[in-house]
Amino acid sequence: MKAKVYVTLKAGVLDPQGKAIHHSVGLLGFGGIQDVRQGKYFEISLDGTLAAHEAEEAATKLAREVLSNPVIEDYRVEIEA
Amino acid sequence: MKFGVIIFPGSNCDHDAYHVISKHVGQPVDFIWHRDTNLSSYDAVILPGGFSYGDYLRAGALARFSPVMASVKRFAESGRFVLGICNGFQILCEAGLLPGALIRNRDLHFICDHINVKVETTDTPFTNELKRASVLSIPIAHAEGNYVCDDETHRELVGEDRIVFRYCDERGRVTTESNPNGSRDSIAGICNRARNVLGLMPHPERACEDLLGSADGRDIFRSLAATLAAHA
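Listed in order, the protein sequences are those of chains A and B. Residues in the first sequence are numbered consecutively from 64, following our numbering. Residues in the second sequence are numbered consecutively from 795, following our numbering.
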């Protein structure tokens, strides 16, 4: 079983890296790009014996307590069988 | 009085901090490996600068889980003194001992430079030998020093006189231009509510000898020593 965790900066928190990427893609001629926000993506392999809800709990705890910083970031967890 | 300097894997300002305490403050000091958990013989601990755990995940995020950190938390709760410099400040924020977070510098660059900070309060054990509104020339060396916090936290910091240092120009004016990394309200250092935990991005331990360009950082360590002497 696999958990996918997406960690993104909260709305309103400045993202200098996203801004730099946005600026560069503009220079490269990509049109129609309004904004870029950079985040992090984690793939976590979970013990196959866990029930789906247990896997989700384990991954959510990890996302909340380690992978994200609640002061600046939000997280989203997806479980894949 | 006894000082401890904690070494995390990737700390690199540990020897500078040790040198300042032993030579310029003239007090006993030990290195403390991050797996040690007994802090009972210390009166103050320093979390030094560096790149603990390679800054993986977020600066300071993994050092928070080092065995010593649970002891540091209890140490702080017992009223003893904790000083976090640069990466140490990042670790204290990640560990929840100080509010807010330190994110990538506004202009993305790693900045290594001498800057000026204004002493905003002398009502801390780390600044009580300094003059309020005085300007200290101290180096910074960081890529993630951009202090952020929500409005409520900021109101608390201001209301409780917990902003200890702000970036400023050489005349003590706090301006957008004198803010090197985009920190909210030009914040360079803050303390906790009990005022016994200080975190700051500048490196006072690198500004303790005229030979190094500035000795302005010395009084921060001397303030702490004076506080400890008064407590003894």
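Keep in mind the hints are simulated off the structure, nothing from the lab. Heads up, a few of these hints could be off.
DEER-style ranges, computed between Cβ atoms [stated by the list, open to error]: (1) B/872 to A/120: 48 to 56 Å; (2) A/83 to B/963: 50 to 58 Å; (3) A/137 to B/963: 20 to 28 Å; (4) B/1006 to A/133: 36 to 44 Å; (5) B/947 to A/116: 33 to 41 Å; (6) B/872 to A/133: 22 to 30 Å; (7) A/83 to B/927: 47 to 55 Å; (8) B/904 to A/88: 18 to 26 Å.
A virtual CB, placed ideally from N, CA and C, is assigned to each residue, including glycine.
Cross-check of the supplied hints:
| no. | hint | verdict |
| --- | --- | --- |
| 1 | B/872 to A/120: 48 to 56 Å | violated, 34 Å |
| 2 | A/83 to B/963: 50 to 58 Å | violated, 27 Å |
| 3 | A/137 to B/963: 20 to 28 Å | violated, 37 Å |
| 4 | B/1006 to A/133: 36 to 44 Å | holds, 38 Å |
| 5 | B/947 to A/116: 33 to 41 Å | holds, 34 Å |
| 6 | B/872 to A/133: 22 to 30 Å | holds, 26 Å |
| 7 | A/83 to B/927: 47 to 55 Å | violated, 36 Å |
| 8 | B/904 to A/88: 18 to 26 Å | holds, 23 Å |
Checked against the numbered hints above, the structure violates hints 1, 2, 3 and 7; every other hint is satisfied.
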